[in-house]
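Chains A and B are the protein sequences, given in the same order. So my numbering is basically just the index in the first sequence, starting at one, shifted up by 7. So my numbering is basically just the index in the second sequence, starting at one, shifted up by 6.
There could be a bad hint or two in this list.
Claimed, not checked - Each pair of labels, with its calculated beta carbon distance range:
1) A:Gln220 - B:Pro60: 56 to 62 Å
2) A:Pro85 - B:Gly175: 38 to 44 Å
3) B:Asp102 - A:Pro228: 51 to 57 Å
4) B:Ala178 - A:Arg162: 23 to 29 Å
5) A:Ala40 - B:Pro60: 38 to 44 Å
6) A:Ala193 - B:Gln149: 22 to 28 Å
7) A:Pro66 - B:Asp36: 18 to 24 Å
8) B:Arg141 - A:Ala43: 25 to 31 Å
9) B:Gly146 - A:Gly231: 55 to 61 Å
10) A:Thr74 - B:Gln138: 33 to 39 Å
Unchecked claim - Computed footprint of chain B on chain A; a stretch qualifies when at least three of its residues, placed anywhere within it, have a C-beta under 8 Å from a C-beta of chain B:
11) 23 to 35
12) 46 to 57
13) 61 to 75
For the record, the hints were derived by calculation from the structure and aren't laboratory data. Built from N, CA and C at the ideal position, the CB exists for glycine as well.
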Amino acid sequence: MTHDPHDLAGPYVLDALGDTERRRFEHHLPRCAACADETAGLRETTTRLALAVAHPPPPELRARVMTEIARTRQSPPPLRRRLPSPRGRGGNWLAAAACLVLAVVGAITAAHFHGDAEHAQDLNRRIAAVMTAPDAQTSTAQTRDGATVTIVSSRSLDKAVITSSRLKRLPTAKTYQMWFLATSAAPRSAGIMRPPADRPSWPIIATGLGNAQQIGMTIEPAGGSPQPSSAPFLTLPLA
Amino acid sequence: MTDPLSGGAAPSGVSDLGALLVLVARGDQDAFEVVYQRLSGPVYGLALRVVRDPAQAEEIAQEVLVELWRKASHYRPGKGAATAWALTMAHRRAVDRVRSTQADRDREERTAAPSPDYDEVAEEVGTRLEHQQVRRCMRGLTQTQRESITLAYYGGYTYREVSELLGVGLAAVKTRMRDGLIRLRDCLGAQP
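Based on the sequences and whatever the hints tell you, model everything.
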């Protein structure tokens, strides 16, 4: 399934989203600086719309409010906000897929690249190029046992960034392999993926979308196969 | 009409709404009284516009103002103006109210076809907006932009409902809301 939460900023500031979409967008906001900026900007305008219809309340309201606050305990200041976790929130975060990829990359970068900042930067640059391509599209799919695979693909760059989280760990003789799938041609390998036990897997940058419409995922012998040995257990559409 | 945001003098000479909220967060009831003078008109007026019923609007205004007292410590000066914070809270509550009322009504009546009064909403806003500038800038929008924003913000409709009412696709409604708001912002200038 494909999502572009970015165009929901207008309906969001107008409170014109349904509950589910609203929660989804709010979950997306902290991960997406562009969306947060746009939302704050549009909010200035809705504030003006609100001020335009100001109307004095009945005078009795003042006494009622002052009485009520006098007997209402104030809530303590919130502690420093933790980063929202994509886990345990059902499907809400699907909309955050694009930013999720970045979060995953950030986490992996921190974990793997203590002594290799240059490599990390280079990887980030290449991933960012795909994610910010004007024709970038995101799709996310979930396996039956709750693992998630997210793909951001761009036709103009001929590249796809593939990330996963919570994929089942495989015996050392096996590996996950990604395939470019086209109706008119044999599957082509798009790379292999070996998820570590304790954190999201490496993102793969796959080049050569060609005429593929989908990416599929299979389990293969370690090192990968020239052709998939079974039907893919997961497929995702490409841009 | 006097600007509801210009009235009131803070007990300690503080006049900025954000600074007042900092005092309110520490339990300063005098500071809260100034906040009340500044925000009760905008909060009540907005609730009244959305729910239409003065008794319900008053209830919502009371809830929101007490919430401002309760949650004053959650206000972060860096994250948008205090007025925007308060009015966002007020609008959301008003919209929640019309939607839950609407849901009750739908269950009771089991009516298939909604009976939208969007012409009325749009018309009323067109003639009664106190702020000349907003009215003028609203006129600068395309008709669909204006209708989409009016139905959603003042009418409490979701964008899906707006799409139904106007017979325009969902993607188009989202775009018109966003483009309309951007055009309004450019017309209104940054500061109220």
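Can you give the numbers of the hints that this structure goes against, from lowest to highest? 6
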